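Whenever a hint applies, use it, and build me the whole structure from the sequences.
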Amino acid sequence: MFPVIQVGPLAIQAAGLFVIVAVYVGVMLSSRRADQAGVKAETLENLIVSGLMGFLAGGRVLFALQHWSSFRASPLDLLSPNPALFDVAGGMGIGALTVLIFGRRKGLALWPTLDALTPFLATLMVGVGLAHLADGSAFGRETTLPWGIELHGAVRHPSQVYEVATALFILWWVGLRRAAGPAGMRFLNFVVWTAGAWLFLEAFRGDSTLILGGIRLEQVVAWAVLALGLAGRGSIIGRKDDGERQEESRR
Amino acid sequence: MQRRWMDVVILIVGLVWIGLSVDRSGSATAGRIPAPQAGFLAPAWELPAQDGGTIALADWRGQAVIVNFWASWCGPCRLEMPAFQRVYEEYGDRGLTILAVNATWQDSRRAMQSFVEEHGLTFPVALDEEGRVSRLYRVSALPTTFFIGPDGVISKVVIGGPLAEATLRTEVERLLQEVR
Numbered sequence: 001m002f003p004v005i006q007v008g009p010l011a012i013q014a015a016g017l018f019v020i021v022a023v024y025v026g027v028m029l030s031s032r033r034a035d036q037a038g039v040k041a042e043t044l045e046n047l048i049v050s051g052l053m054g055f056l057a058g059g060r061v062l063f064a065l066q067h068w069s070s071f072r073a074s075p076l077d078l079l080s081p082n083p084a085l086f087d088v089a090g091g092m093g094i095g096a097l098t099v100l101i102f103g104r105r106k107g108l109a110l111w112p113t114l115d116a117l118t119p120f121l122a123t124l125m126v127g128v129g130l131a132h133l134a135d136g137s138a139f140g141r142e143t144t145l146p147w148g149i150e151l152h153g154a155v156r157h158p159s160q161v162y163e164v165a166t167a168l169f170i171l172w173w174v175g176l177r178r179a180a181g182p183a184g185m186r187f188l189n190f191v192v193w194t195a196g197a198w199l200f201l202e203a204f205r206g207d208s209t210l211i212l213g214g215i216r217l218e219q220v221v222a223w224a225v226l227a228l229g230l231a232g233r234g235s236i237i238g239r240k241d242d243g244e245r246q247e248e249s250r251r
Numbered sequence: 252m253q254r255r256w257m258d259v260v261i262l263i264v265g266l267v268w269i270g271l272s273v274d275r276s277g278s279a280t281a282g283r284i285p286a287p288q289a290g291f292l293a294p295a296w297e298l299p300a301q302d303g304g305t306i307a308l309a310d311w312r313g314q315a316v317i318v319n320f321w322a323s324w325c326g327p328c329r330l331e332m333p334a335f336q337r338v339y340e341e342y343g344d345r346g347l348t349i350l351a352v353n354a355t356w357q358d359s360r361r362a363m364q365s366f367v368e369e370h371g372l373t374f375p376v377a378l379d380e381e382g383r384v385s386r387l388y389r390v391s392a393l394p395t396t397f398f399i400g401p402d403g404v405i406s407k408v409v410i411g412g413p414l415a416e417a418t419l420r421t422e423v424e425r426l427l428q429e430v431r
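As you go down the protein sequences, you meet chains A and B in turn. Quick note: the first sequence, position 150, residue 150 per my numbering, numbers continuous. Convert by adding 251 to the 1-based position in the second sequence; the result is the number in my numbering.
Honestly, the hints are just simulated from the structure, not real lab data. Treat the numbers as computed from the prediction; the structure is a model and nothing was measured. Be a bit skeptical, because a hint or two may be false.
[As the list claims (entries may be wrong)] Quick list of in silico lysine to aspartate or glutamate cross-link-like pairs, DMTMM-like style, CA-CA up to 20 Å:
| no. | chain 1 | residue 1 | chain 2 | residue 2 |
| --- | --- | --- | --- | --- |
| 1 | A | K106 | A | E42 |
| 2 | B | K407 | A | D87 |
| 3 | B | K407 | B | E381 |
| 4 | A | K106 | A | E45 |
| 5 | A | K240 | B | D258 |
[To be verified] FRET-style restraints, in silico, Cβ to Cβ:
| no. | chain 1 | residue 1 | chain 2 | residue 2 | range |
| --- | --- | --- | --- | --- | --- |
| 6 | A | L79 | B | A362 | 25 to 33 Å |
| 7 | A | L79 | B | Q253 | 49 to 57 Å |
| 8 | A | A41 | B | G382 | 47 to 55 Å |
Just so you know, even glycine gets a beta-carbon here, dropped at the ideal spot from N, CA and C.
Okay, structure coming up:
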């Protein structure tokens with residue numbers, strides 16, 4: 001683990017750096033492939049930037065609202081770069097809402113836009129995996145397997161390595177290959193693959209939230225997301241098949 | 252149609268996998284293993300105190316504890332220390348302890364002493380003269396702050412600084428709820 005990269009007197013948080021680099025690379029990859037999905041590269045970049053702004057501002061404001069008493073003595077901390085003062089889930093919600101409003105205003109079609117965003121999201125997942133690897137979080141459960149790594153006082157599954165390898169595979173398989181199929185398929189394939197990988201890999205984690213006698217809560221959430229992704233994919237394919245049948249009967 | 256059946260099979264396999272992954276022993280064994288990481292038991296240490304005697308982390312089990320590694324030459328440590336003092340004055344009698352571990356192996360005793368006097372620190376200051384505890388806690392940058400719950404488990408690690416006072420207050424209030 002390497003939580004800090006020392007550059008002269010400057011101590012850079014490696015986890016944050018990986019996420020920032022992933023955002024940058026993800027924007028590049030998505031904007032290069034935006035035309036394939038029928039979205040203007042510039043519009044897509046603006047969409048991502050607006051989503052990021054919504055995420056950052058929303059996450060901080062929601063955190064401050066929940067812990068207002070902590071900010072009363074030092075209101076300027078609202079502008080602090082400290083990432084601990086952040087509601088990640090709330091930020092994601094506001095970020096998604098911002099993207100939705102921006103997309104509506106620009107008249108962007110939902111599925112092609114989500115397809116265009118997929119390389120960005122897939123790259124972000126790689127960055128998150130690297131961040132986990134850097135700071136030693138999302139660690140594996142104890143194992144006697146030969147590839148176990150010594151971490152946090154025990155030999156553990158290298159869960160962060162599994163995570164990065166899987167995210168890289170999904171980035172290549174779903175995010176970067178030329179898309180075939182109706183609009184929305186690239187994005188929904190990303191959702192299905194990511195949820196499936198999460199469901200599988202969570203079994204090797206040592207920090208799962210356990211419910212009802214040892215069921216891993218994260219796996220239940222991943223299963224639900226997988227089911228939604230599969231249902232969405234089924235619906236798109238069903239509509240496409242119906243359209244083709246109608247076209248054939250007209251002939 | 253075949254594709255729909257495939258999706259159903261995938262979901263059933265997923266449910267079976269969830270069943271196979273059930274962890275009856277409790278996968279979160281971290282709280283019983285000492286390691287300088289959030290979710291793990293804070294490694295035990297004992298160091299000489301700046302004003303004589305010794306300071307042992309174990310003596311504060313049952314309280315909310317902040318362990319802050321610092322040095323007098325460290326700019327961010329200088330900037331964040333007044334906030335630590337203010338928070339200690341406000342929450343000290345409600346079950347909060349701040350243990351400031353001076354990286355004495357990288358500092359001088361005289362500079363450390365004048366730093367403590369300059370900032371009027373009233374919480375215990377421990378002297379890590381050989382860097383043993385800094386290594387035990389894998390401190391790679393100063394300041395580094397560990398927030399420890401009454402059960403001795405680390406709830407948060409903040410590497411670098413200066414720490415925002417709001418972060419301190421938020422974490423302290425959360426830990427003090429566990430104390431109650």
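Each hint tested on the structure:
Simply put, K106(A) and E42(A) have alpha-carbon atoms about 12 Å apart, close enough for the 20 Å limit, and the pair holds. Distance hint between K407(B) and D87(A) is fulfilled; the C-alpha atoms sit about 15 Å from each other, no more than 20 Å. Pair hint K407(B) plus E381(B) does not hold up; C-alpha atoms about 25 Å apart against a cutoff of 20 Å. Taking the CA atoms of K106(A) and E45(A), the gap is near 13 Å; set against the 20 Å cutoff, the hint holds.
With a C-alpha separation of about 17 Å, the suggested pair K240(A) and D258(B) falls inside the 20 Å cut-off, and the hint holds. For L79(A) paired with A362(B), a C-beta distance near 32 Å keeps the hint of 25 to 33 Å intact. About 56 Å separates the C-beta atoms of L79(A) and Q253(B), a value consistent with the hinted range of 49 to 57 Å. For the pair A41(A) and G382(B), the supplied restraint of 47 to 55 Å holds, since their beta-carbon distance comes to about 52 Å.
Of the hints listed earlier, the one the structure fails to meet is number 3.
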